[in-house]
Amino acid sequence: MGLTVHKYDAVVIGAGGAGMRCALQLARAGLRVAVLSKVFPTRSHTVAAQGGIGASLGNMDEDNWHYHFYDTVKGSDWLGDQDAIEYMCREAPKVVYELEHMGMPFDRNPDGTIYQRPFGGHSAKYGEKPVPRACAAADRTGHAMLHTLYQQNVKSKTTFFVEWMALDIIRDADGDAVGVTALEMETGDVAIFHAKCVLFATGGAGRIFAASTNAFINTGDGLGMAARAGIPLEDMEFWQFHPTGVYNAGVLLTEGCRGEGAILRNKDGERFMERYAPKLKDLAPRDFISRCMDQEIKEGRGCGPNGDYIALDLTHLGAETIMKRLPSVHEIGKNFANVDVIKESIPVVPTIHYQMGGIPTNIHGQVVVPKDGNPNSVVNGLYAIGECSCVSVHGANRLGTNSLLDLLVFGRAAGNHLVDTALASRAFKPLPANAGDYSLARIDKLDSSSGGEYPQDVANDLRKSMQLHAGVFRTQKTMDEGVVQVLAIAQRAENLSLKDKSKVFNTARIEALEVANLMESAKATMVSAAARHESRGAHSVDDYSDSAEFPLGRNDKQWMKHTLWYSEGNRLDYKPVNLKPLTVDSIPPVKRTF
Amino acid sequence: MNKRTFEIYRYDPDADAKPYMKTYEVELDGSERMLLDVLMKLKKQDDSISFRRSCREGVCGSDAMNINGKNGLACLTNMLTLPNKITLRPLPGLPVVRDLIVDMSQFFKQYHSIKPYIVNDTVPPEKERLQSQQDRDELNGLYECILCACCSTSCPSFWWNPDKFVGPAGLLAAYRFVADSRDHDTDQRLDNLEDPYRLFRCHTIMNCVDVCPKGLNPTRAIGKLKEMLVKRAA
Numbered sequence: 025m026g027l028t029v030h031k032y033d034a035v036v037i038g039a040g041g042a043g044m045r046c047a048l049q050l051a052r053a054g055l056r057v058a059v060l061s062k063v064f065p066t067r068s069h070t071v072a073a074q075g076g077i078g079a080s081l082g083n084m085d086e087d088n089w090h091y092h093f094y095d096t097v098k099g100s101d102w103l104g105d106q107d108a109i110e111y112m113c114r115e116a117p118k119v120v121y122e123l124e125h126m127g128m129p130f131d132r133n134p135d136g137t138i139y140q141r142p143f144g145g146h147s148a149k150y151g152e153k154p155v156p157r158a159c160a161a162a163d164r165t166g167h168a169m170l171h172t173l174y175q176q177n178v179k180s181k182t183t184f185f186v187e188w189m190a191l192d193i194i195r196d197a198d199g200d201a202v203g204v205t206a207l208e209m210e211t212g213d214v215a216i217f218h219a220k221c222v223l224f225a226t227g228g229a230g231r232i233f234a235a236s237t238n239a240f241i242n243t244g245d246g247l248g249m250a251a252r253a254g255i256p257l258e259d260m261e262f263w264q265f266h267p268t269g270v271y272n273a274g275v276l277l278t279e280g281c282r283g284e285g286a287i288l289r290n291k292d293g294e295r296f297m298e299r300y301a302p303k304l305k306d307l308a309p310r311d312f313i314s315r316c317m318d319q320e321i322k323e324g325r326g327c328g329p330n331g332d333y334i335a336l337d338l339t340h341l342g343a344e345t346i347m348k349r350l351p352s353v354h355e356i357g358k359n360f361a362n363v364d365v366i367k368e369s370i371p372v373v374p375t376i377h378y379q380m381g382g383i384p385t386n387i388h389g390q391v392v393v394p395k396d397g398n399p400n401s402v403v404n405g406l407y408a409i410g411e412c413s414c415v416s417v418h419g420a421n422r423l424g425t426n427s428l429l430d431l432l433v434f435g436r437a438a439g440n441h442l443v444d445t446a447l448a449s450r451a452f453k454p455l456p457a458n459a460g461d462y463s464l465a466r467i468d469k470l471d472s473s474s475g476g477e478y479p480q481d482v483a484n485d486l487r488k489s490m491q492l493h494a495g496v497f498r499t500q501k502t503m504d505e506g507v508v509q510v511l512a513i514a515q516r517a518e519n520l521s522l523k524d525k526s527k528v529f530n531t532a533r534i535e536a537l538e539v540a541n542l543m544e545s546a547k548a549t550m551v552s553a554a555a556r557h558e559s560r561g562a563h564s565v566d567d568y569s570d571s572a573e574f575p576l577g578r579n580d581k582q583w584m585k586h587t588l589w590y591s592e593g594n595r596l597d598y599k600p601v602n603l604k605p606l607t608v609d610s611i612p613p614v615k616r617t618f
Numbered sequence: 012m013n014k015r016t017f018e019i020y021r022y023d024p025d026a027d028a029k030p031y032m033k034t035y036e037v038e039l040d041g042s043e044r045m046l047l048d049v050l051m052k053l054k055k056q057d058d059s060i061s062f063r064r065s066c067r068e069g070v071c072g073s074d075a076m077n078i079n080g081k082n083g084l085a086c087l088t089n090m091l092t093l094p095n096k097i098t099l100r101p102l103p104g105l106p107v108v109r110d111l112i113v114d115m116s117q118f119f120k121q122y123h124s125i126k127p128y129i130v131n132d133t134v135p136p137e138k139e140r141l142q143s144q145q146d147r148d149e150l151n152g153l154y155e156c157i158l159c160a161c162c163s164t165s166c167p168s169f170w171w172n173p174d175k176f177v178g179p180a181g182l183l184a185a186y187r188f189v190a191d192s193r194d195h196d197t198d199q200r201l202d203n204l205e206d207p208y209r210l211f212r213c214h215t216i217m218n219c220v221d222v223c224p225k226g227l228n229p230t231r232a233i234g235k236l237k238e239m240l241v242k243r244a245a
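Keeping their order, the protein sequence lines are chains A and B.
Each residue of the first sequence is one higher than the last, beginning at 25 in this note's numbering.
Each residue of the second sequence is one higher than the last, beginning at 12 in this note's numbering.
For reference, chain A alone in the conformation it holds in the complex (with noise of 0.2 Å):
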């Protein structure tokens, strides 16, 4: 094949914060590890996240794992694996003081402890009140955190494939993992890296919508390749829309703004989350708080001379808070729309963040799938980390800063599944004879191509689509349309062109491949959206809502399970929840009121 090797224990793919926090698990541990990142690791998009870490360190109030757990399972509207849910929460309070002895620069109580901020859906006594659990430096939780993971692996000595786009899995014919193939940018040359374990930790793929918070590079990388490779993806129906987005830019504001004391009022200058969610109000959980503002604005009372868009208001916070505890939220405000937070509220509306769903792992952060009965056999030498994996402590509706501490818990969890057991008892397997073919056939035909469309036309044309058919309220007539097109969408990607033929740092060949995964994630989403006969969490459905037939929202009976999407065939099966926690009771399904 006369590619080149890299040959390594252990090759991570994405250097966010759970690709590091992995990373670095590994590289103490003395083992050849290889990080590719597509991006400069510093310039991952971790870096953007601003609010907290959710963990119930009581620094402020009293608080415990148990709180933290039930907050998870019922924000995850009964979606989330218990077993998982629990590991996270008991762990949180464990990888945050780690955190803080790597240097991250948290901001401080008088007593010298670490500053919890409220956060939405976090709450004390099972849903009584709101409780400081985001541990918090400022609006820039996610930089420093970042920065702080990055220095680390400095230190430790990791090595980092800066500017490499991984490209494909390669399975042997047991289908275990043994390495993938990826492109260095600045050369435009295909390397293959062959491995003992492939971890991914690609982030999300919100580019799969028009309106987003997310980064130009989240392009669902890690979902494509592993959709490629015959792995089903899981509940990828399930995506976040974050109520504080900037009007018309899609920035984000932290909801540590709502967590400081801000309020989201109509155009009577109603704070209308009071009637909503008397207990949490401003402080219920994101899908909860984004069905509230399209409501007000499709009853007429949204903001703006088009009344499209909710004020959110900082105005009583006083200058000297916001400069504090938000400085970034007033720089956004400045540069994203002409607002100075201190002195006026600023226009938001629900914007696409998250994504529930993703590549399906257990607790170790090994990829699983269905296999000989058994719906969750391993994949050898695979695991899959953090906003590209669905474990899945999310379910339905991510609780704010559960995000970044998915990624310091699992990171750090499967970093220590791979040194003990994985990498120990492990040998390298051969690659394939044909190894790097599939992925140098995709390059070639770009390199061929003539006369088919430009790919971001394509994803442009993708992106609308997606922000029609899925939106904050769907209806099963938009989404059995939004399958249709997207399909259709899906199928002109198979014919891309690029003008630039150049080998070296050639950006439009990597937006064309970076399509090809941003058609995966995009299917796997619409797909499992139009399948899914009932509204749960952040999947919220017009034909199946608040109906006598319904009376939790959901419908438990057929619908409390994981979808899982197979590209090949396009084809959906499904898997149960796990509501056995690794401990402690269960939390029975009740209906979500706030």
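Among these hints, one or two may not hold up.
Claimed, not checked - Just a few of them, taken from the derived set where beta-carbon distance is under 7 Å, the chain A residues facing chain B:
no., residue
1, LYS179
2, LYS523
3, VAL528
Said to hold, decoys possible - Which residues of chain B face chain A? A few of them, derived with a C-beta cut under 7 Å, are:
no., residue
4, GLU68
5, LYS120
6, HIS123
If you're looking for bench data, these hints aren't it; they were derived computationally from the structure.
Even for Gly, the Cβ is constructed at its ideal location relative to N, Cα and C.
For chain A, the structure is supplied; the task is to place chain B on it using the hints.
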């Protein structure tokens, strides 16, 4: 009117014998707030224009470039602040990979050279290490750096001695760790900078302060480091 003229530095080592400036005309429809929005539009006209970009909100540090002679981030440069004719070049002083993409190895090498991680060999407590609010405030204005390289590549001292002078970004990071009450490595950190070039090539020209898209002040941090070295010698 809303037509703008762009002069963009173009160089593809695969195809071009030498770099050249190429002119583009672009019609704005009002939806493009920032320079990056317009660059994306230009890339639709000519898919070979190469630049880095990711978060589009000024926090990842990817899209630093030289805009009408001044370094900045395309995603934070409002079109209203730019004249009709806009000249875009790669960050000065670093080797060009292609078009607006520079090779940042030297910049990161200097960042790595200051040991950019906390050093504290005491056994960590079961919980967090305590830090007073006052001590934590010392880190403000230091930890927020996004490593975009706008500062170092606007610094004449860095242009002259990129291999010997740490540069403003690296020195800001060096002081970030010196200033951290949890770090125990101040002496070694100062030793590492006590050299005619690594720190003392800064002649307080302050281009770094002028261009920092995050409003940080590397010159002030450098001043603190120099002061500490002088005090230590006394």
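Original post:
Can A:LYS523 be said to touch chain B, with a Cβ gap under 7 Å?
Top reply: holds (5 Å)
**OP:** So, B:GLU68 near chain A? Judge it on the closest CB pair being under 7 Å.
**Re:** holds (5 Å)
Subject >> Per-residue hint verdict: A:VAL528, partner chain B, C-beta under 7 Å >> reply: holds (5 Å)
Original post:
Per the CB criterion, is B:LYS120 less than 7 Å away from chain A?
Top reply: violated (11 Å)
Original post:
Against chain B, with CB atoms and a cut of 7 Å, does the hint on A:LYS179 hold up?
Top reply: holds (4 Å)
Subject >> Restraint outcome when B:HIS123 is required to lie within 7 Å of chain A by C-beta distance >> reply: holds (6 Å)
When the structure is compared with the earlier hints, a violation turns up for hint 5 alone.
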